[in-house]
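Line by line, the protein sequences are chains C and R. Position one of the first sequence corresponds to residue 1 (the working numbering), numbered consecutively onward. Position one of the second sequence corresponds to residue 1 (the working numbering), numbered consecutively onward.
Please note that a few of the clues may not be correct.
To be verified - Computed list of lysine to aspartate or glutamate pairs in EDC-like fashion (alpha-carbon distance at most 16 Å, straight line):
#	chain 1	residue 1	chain 2	residue 2
1	C	122	R	37
2	C	129	R	37
3	C	133	R	32
4	C	133	R	37
5	R	52	C	137
6	C	129	R	92
7	R	29	C	135
8	C	117	R	50
9	C	83	R	74
10	C	53	R	39
11	C	83	R	69
12	C	117	R	32
13	R	62	C	137
14	R	41	C	135
15	C	83	R	39
16	R	52	C	141
As the list claims (entries may be wrong) - Looking from chain R toward chain C, a few residues come up when the C-beta cut is under 7 Å (computed):
#	residue
17	28
18	34
19	36
20	37
21	71
22	80
23	118
24	119
25	138
Worth flagging that the hints you see were computed from the coordinates, not collected in a lab. Glycine included, every Cβ here is placed at the ideal spot set by N, Cα and C.
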Amino acid sequence: MINNLTKRTRNIFIIFILGLQCLIYFFNQKPLTDNYIQKSITVENFSSIVLSKSGITKIGSEKLNKIDENNIYLEGKSYLENKEYKIYGKNISIDLSKEISNSDEYVEVINRMGLLKAQGFKNLDYNGKIFFKGEIEFVIEK
Amino acid sequence: MNLSLKSKLFFLILNLFFFSNANCESYVKAGESLIWDSENKSYTANGEVEFKNEKFIAFADKMIAKYIEENNDEIFTIIELFDNVVIEFKQETFKGDYAIYTRDDNIIRLTGNVSIESPTRILTGNELIADIDNNKRILNSANEESLVEVLLENNAND
C-alpha cells in the first residue's frame with residue numbers, strides 16, 4: 001500500500017518535472033529568436049543581386065554588414081552595377097525597402113554618357129534620380 | 001642621329017595625339033551638385049558650372065542638359081544655362097542671364113543683359129541669336145526697332 005503510494009507520487013513528480021521542462025523550453029524559445037534577429041551579420045568579399053525598379057542590380061563590397069531586414073551597409077570598396085550605370089565607391093548604405101543607396105565618400109560612375117567623379121551620392125532608384133554631391137567632373141565620351 | 005630623329009618624331013606625334021584629344025574633350029563640371037534624372041533624361045548641374053563641347057565652352061550658375069539615347073549612346077540635345085552665363089566661342093564671348101543651345105540647328109539664344117564681345121567690338125542688347133553653322137549673329141535690344149545683324153567676315157566672303 002505504502003509502496004504503491006510512493007510509486008504513484010514518484011510518477012506524478014516525474015510528470016510534473018517533465019511538464020516543467022516543457023514550459024521552460026517553450027518560454028525560452030522567443031527571447032532566443034529575438035536575439036538572433038537583432039544580431040548584425042557580417043560577410044567579407046560579398047557580392048549579390050538585388051531586384052529593384054531599375055532592374056537587376058549587382059552589388060558587392062569588401063565587407064557587408066546587415067543592419068536589419070531592410071538595411072545593409074557595404075563597408076570598404078563597394079560597387080553597384082546595372083544596365084544603366086556602374087557606381088564604384090566606398091562605404092555605401094542601402095535601404096532595400098525604399099530603394100535608396102547613398103555614400104558620403106568619393107565615387108566614380110560610368111554610364112553611357114561617360115565617366116563621372118563626385119564626392120558622394122544619393123541614388124533614389126525608385127524614381128530614377130541620382131544626386132551627386134560636392135565638386136563634380138563628368139567627362140563625356142564621344 | 002637617325003634614331004634620335006625617329007624618337008623626336010615619335011614624341012611629336014604622341015604629343016599631338018594627346019593635345020588633340022585634350023582639346024576635343026567634352027565635359028561638365030559643377031561646384032555644388034549634379035542630378036542625373038534618367039526618367040526625364042536630363043542632367044542638372046549647380047554651382048560654378050562649366051560645360052564644354054566640340055563647339056564652345058560655357059560657364060553659368062546652373063545648367064540643365066537634356067539628352068536622347070541614340071545607338072546605345074546618350075547625346076546632349078538641349079543645353080539650358082541660367083544666371084551669369086558666359087559662352088566662349090572661338091574669339092567671341094557671349095554674355096547673358098539665360099542661354100539655350102540646341103544641337104539640331106547649332107544655335108545659341110541668349111536673353112537678358114546680353115553682350116557679344118570680339119577682339120574688335122562689344123555690342124550689347126536684350127537678345128542674341130548666334131547661328132554657329134552659318135556664322136551669323138542677330139542682336140535685338142529691348143526696343144524692337146534697334147536690331148543689329150552681324151555677318152562675320154569669313155562667311156561674308158562666301
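Status of each hint after checking the structure:
1. Between residue 122 (chain C) and residue 37 (chain R) the alpha-carbon distance is near 12 Å, which keeps this suggested pair within the 16 Å criterion.
2. A hinted pair counts as satisfied when its Cα atoms are at most 16 Å apart, and residue 129 (chain C) with residue 37 (chain R) qualifies at roughly 5 Å.
3. For the suggested pair residue 133 (chain C) and residue 32 (chain R), the alpha carbons sit about 6 Å apart, so the restraint of at most 16 Å is met.
4. For the given pair, residue 133 (chain C) sits about 15 Å from residue 37 (chain R) by alpha-carbon distance, which is consistent with the 16 Å threshold.
5. A distance of roughly 11 Å separates the Cα atoms of residue 52 (chain R) and residue 137 (chain C); the hinted pair therefore holds under the 16 Å criterion.
6. Taking the CA atoms of residue 129 (chain C) and residue 92 (chain R), the gap is near 36 Å; set against the 16 Å cutoff, the hint is violated.
7. Using a Cα cut-off of 16 Å, the hinted pair residue 29 (chain R) and residue 135 (chain C) holds, with the two alpha carbons roughly 8 Å apart.
8. For the given pair, residue 117 (chain C) sits about 15 Å from residue 50 (chain R) by alpha-carbon distance, which is consistent with the 16 Å threshold.
9. For the given pair, residue 83 (chain C) sits about 14 Å from residue 74 (chain R) by alpha-carbon distance, which is consistent with the 16 Å threshold.
10. For the given pair, residue 53 (chain C) sits about 12 Å from residue 39 (chain R) by alpha-carbon distance, which is consistent with the 16 Å threshold.
11. For a cut-off of 16 Å, the pair hint linking residue 83 (chain C) to residue 69 (chain R) stands: about 14 Å separates their Cα positions.
12. The straight-line distance between the Cα atoms of residue 117 (chain C) and residue 32 (chain R) is roughly 13 Å, inside the 16 Å bound, and the hint therefore holds.
13. For the given pair, residue 62 (chain R) sits about 15 Å from residue 137 (chain C) by alpha-carbon distance, which is consistent with the 16 Å threshold.
14. A threshold of 16 Å between alpha carbons decides the hint, and for residue 41 (chain R) with residue 135 (chain C) the separation of about 22 Å lies outside it, so the pair is violated.
15. For the suggested pair residue 83 (chain C) and residue 39 (chain R), the alpha carbons sit about 14 Å apart, so the restraint of at most 16 Å is met.
16. Between residue 52 (chain R) and residue 141 (chain C) the alpha-carbon distance is near 12 Å, which keeps this suggested pair within the 16 Å criterion.
17. About 4 Å separates the beta-carbon of residue 28 (chain R) from the nearest beta-carbon of chain C, less than 7 Å, and the hint is met.
18. The restraint placing residue 34 (chain R) at the interface with chain C holds, with a minimum CB-CB distance near 4 Å, inside the 7 Å limit.
19. Interface restraint check: residue 36 (chain R) against chain C, minimum CB-CB distance 5 Å, threshold 7 Å, status holds.
20. About 5 Å separates the beta-carbon of residue 37 (chain R) from the nearest beta-carbon of chain C, less than 7 Å, and the hint is met.
21. Contact between residue 71 (chain R) and chain C, as hinted, is not supported at the beta carbon level, the nearest pair being about 10 Å apart and thus beyond 7 Å.
22. With its C-beta approaching chain C no nearer than about 16 Å, residue 80 (chain R) sits outside the 7 Å limit, and its interface hint is violated.
23. With a least beta-carbon distance of about 28 Å to chain C, the hint placing residue 118 (chain R) at the interface is violated under the 7 Å criterion.
24. Annotation: interface hint on residue 119 (chain R) violated; nearest CB of chain C at approximately 30 Å, more than 7 Å.
25. The beta carbon of residue 138 (chain R) is not positioned within 7 Å of any beta carbon in chain C (closest approach about 29 Å), and the interface hint is therefore violated.
Against the hints set out earlier in the document, violations occur for numbers 6, 14, 21, 22, 23, 24, 25.
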